[in-house]
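Spelled out from the first residue to the last, the chains are:
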Amino acid sequence: EPEVTQTPSHQVTQMGQEVILRCVPISNHLYFYWYRQILGQKVEFLVSFYNNEISEKSEIFDDQFSVERPDGSNFTLKIRSTKLEDSAMYFCASSPRGTNYGYTFGSGTRLTVV
Amino acid sequence: DQQVKQNSPSLSVQEGRISILNCDYTNSMFDYFLWYKKYPAEGPTFLISISSIKDKNEDGRFTVFLNKSAKHLSLHIVPSQPGDSAVYFCAASGANFGNEKLTFGTGTRLTIIP
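These protein sequence lines are chains B and S, in that order.
Going by our numbering, the first sequence opens with residue -13, and the numbers climb by one from there.
Going by our numbering, the second sequence opens with residue 440, and the numbers climb by one from there.
Check each hint, because a few of them may be wrong.
Restraint-style ranges between C-beta atoms, simulated for each label pair [unchecked claim]:
#, chain 1, residue 1, chain 2, residue 2, range
1, B, Q0, S, Q453, 47 to 55 Å
2, S, P553, B, Q0, 41 to 49 Å
3, B, Q50, S, I552, 21 to 29 Å
4, S, I492, B, S59, 31 to 39 Å
5, S, D494, B, P56, 24 to 32 Å
6, S, S490, B, E4, 13 to 21 Å
7, S, T484, B, E45, 21 to 29 Å
8, B, E45, S, S490, 21 to 29 Å
9, B, E71, S, I492, 36 to 44 Å
10, S, D498, B, V100, 20 to 28 Å
11, B, I40, S, T465, 44 to 52 Å
12, B, E42, S, K495, 24 to 32 Å
Derived lysine-lysine pairs resembling BS3-like cross-links, with alpha carbons at most 25 Å apart [claimed, not checked]:
#, chain 1, residue 1, chain 2, residue 2
13, B, K28, S, K444
14, B, K28, S, K510
15, S, K507, S, K495
Derived list of chain B stretches under chain S, where covered just means 3 residues or more per stretch with a C-beta under 8 Å from a C-beta of chain S [what the hints assert, rightly or not]:
#, segment
16, 60 to 69
17, 88 to 100
Rather than coming from a laboratory, the hints here were simulated on the basis of the structure.
What you are looking at is a predicted structure, and each value in this text was computed from that prediction instead of being measured.
Where is the CB? At the ideal position from N, CA and C, for every residue including glycine.
I would like the entire structure built from these sequences, with the hints used as guidance.
Have a look at this one:
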């Protein structure tokens, strides 16, 4: 069964450093997303991406965050200057035709900012 | 701003019995509702969804019921199996024009007792 692949599974970084979280969505999917889950809290929407541009972003997705689809397969989330409160599980997801077809989520990257 | 609420953080059910997970929402603009299941160290897995024009959708052992007037939905699992032990998230989105974001509840941890 096709899956969304995320790397690394765990990333530890120092506060103020830049991190790039990587995702390989399912190949024929058109919509891509990043969500995050702070420990003990709910899964929160960060950004959606379609046709090589951001479709929607949340208040969390400020100027420190950016997304890119550098080639036909990868989808990345960059945090320019990490803060302690960025520590969370970050989930990438993709969908063939939008929300009501049910996204496929990756297994997540646990980001720990120290 | 909790637009999607799962008021039971945990639920224990005997194997073979029915599991009923509940979810309430406040935003009347939500048009599509989904249930996801999550195991530790994995991303959420799509289970079942329902459009706001329906009041029931069934898929095998899983049935979702929607009561629009009460802004309430529930997921029924019958019969419950040990492999159903996981965290279940209710999620909602607006009308799907392509890639509406998902708003998640805080989750209910279901434990199936053998």
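We went through each hint and held it up to the structure:
Under the hint 47 to 55 Å, the C-beta atoms of Q0 (chain B) and Q453 (chain S), about 48 Å apart, fit the expected range. A C-beta distance of roughly 45 Å is found between P553 (chain S) and Q0 (chain B), which places it inside the suggested range of 41 to 49 Å. At roughly 45 Å, the beta-carbon separation of Q50 (chain B) and I552 (chain S) lies outside the given 21 to 29 Å, and the hint is violated. For I492 (chain S) paired with S59 (chain B), a C-beta distance near 36 Å keeps the hint of 31 to 39 Å intact.
Range check, D494 (chain S) to P56 (chain B): Cβ separation about 45 Å, and the 24 to 32 Å hint is violated. The hinted window of 13 to 21 Å between S490 (chain S) and E4 (chain B) is violated, with their beta carbons roughly 41 Å apart. Checked against the given bound of 21 to 29 Å, the beta carbons of T484 (chain S) and E45 (chain B), roughly 27 Å apart, stay inside it. Evaluation of the 21 to 29 Å hint for E45 (chain B) and S490 (chain S) yields a pass: the beta carbon distance comes to about 28 Å.
Checking the proposed 36 to 44 Å range against E71 (chain B) and I492 (chain S) shows it holds: the Cβ atoms sit about 40 Å from each other. Evaluation of the 20 to 28 Å hint for D498 (chain S) and V100 (chain B) yields a failure: the beta carbon distance comes to about 43 Å. Between I40 (chain B) and T465 (chain S) the Cβ separation comes to about 27 Å, which falls outside the hinted range of 44 to 52 Å. Restraint check, E42 (chain B) to K495 (chain S): a C-beta distance of roughly 30 Å satisfies the suggested window 24 to 32 Å.
The straight-line distance between the Cα atoms of K28 (chain B) and K444 (chain S) is roughly 10 Å, inside the 25 Å bound, and the hint therefore holds. For the proposed pair K28 (chain B) and K510 (chain S), the alpha carbon gap of about 20 Å is at most 25 Å, so the pair holds. Distance check on the hinted pair: K507 (chain S) and K495 (chain S) sit about 11 Å apart at the alpha-carbon level, within 25 Å; holds. For the segment 60 to 69 of chain B, the assignment as covered by chain S is violated, since 0 residues bring a beta-carbon within under 8 Å of that chain's beta-carbons and 3 are needed.
With a cut-off of 8 Å between beta carbons, the segment 88 to 100 of chain B has 7 residues touching chain S; three or more are needed, and the interface restraint holds.
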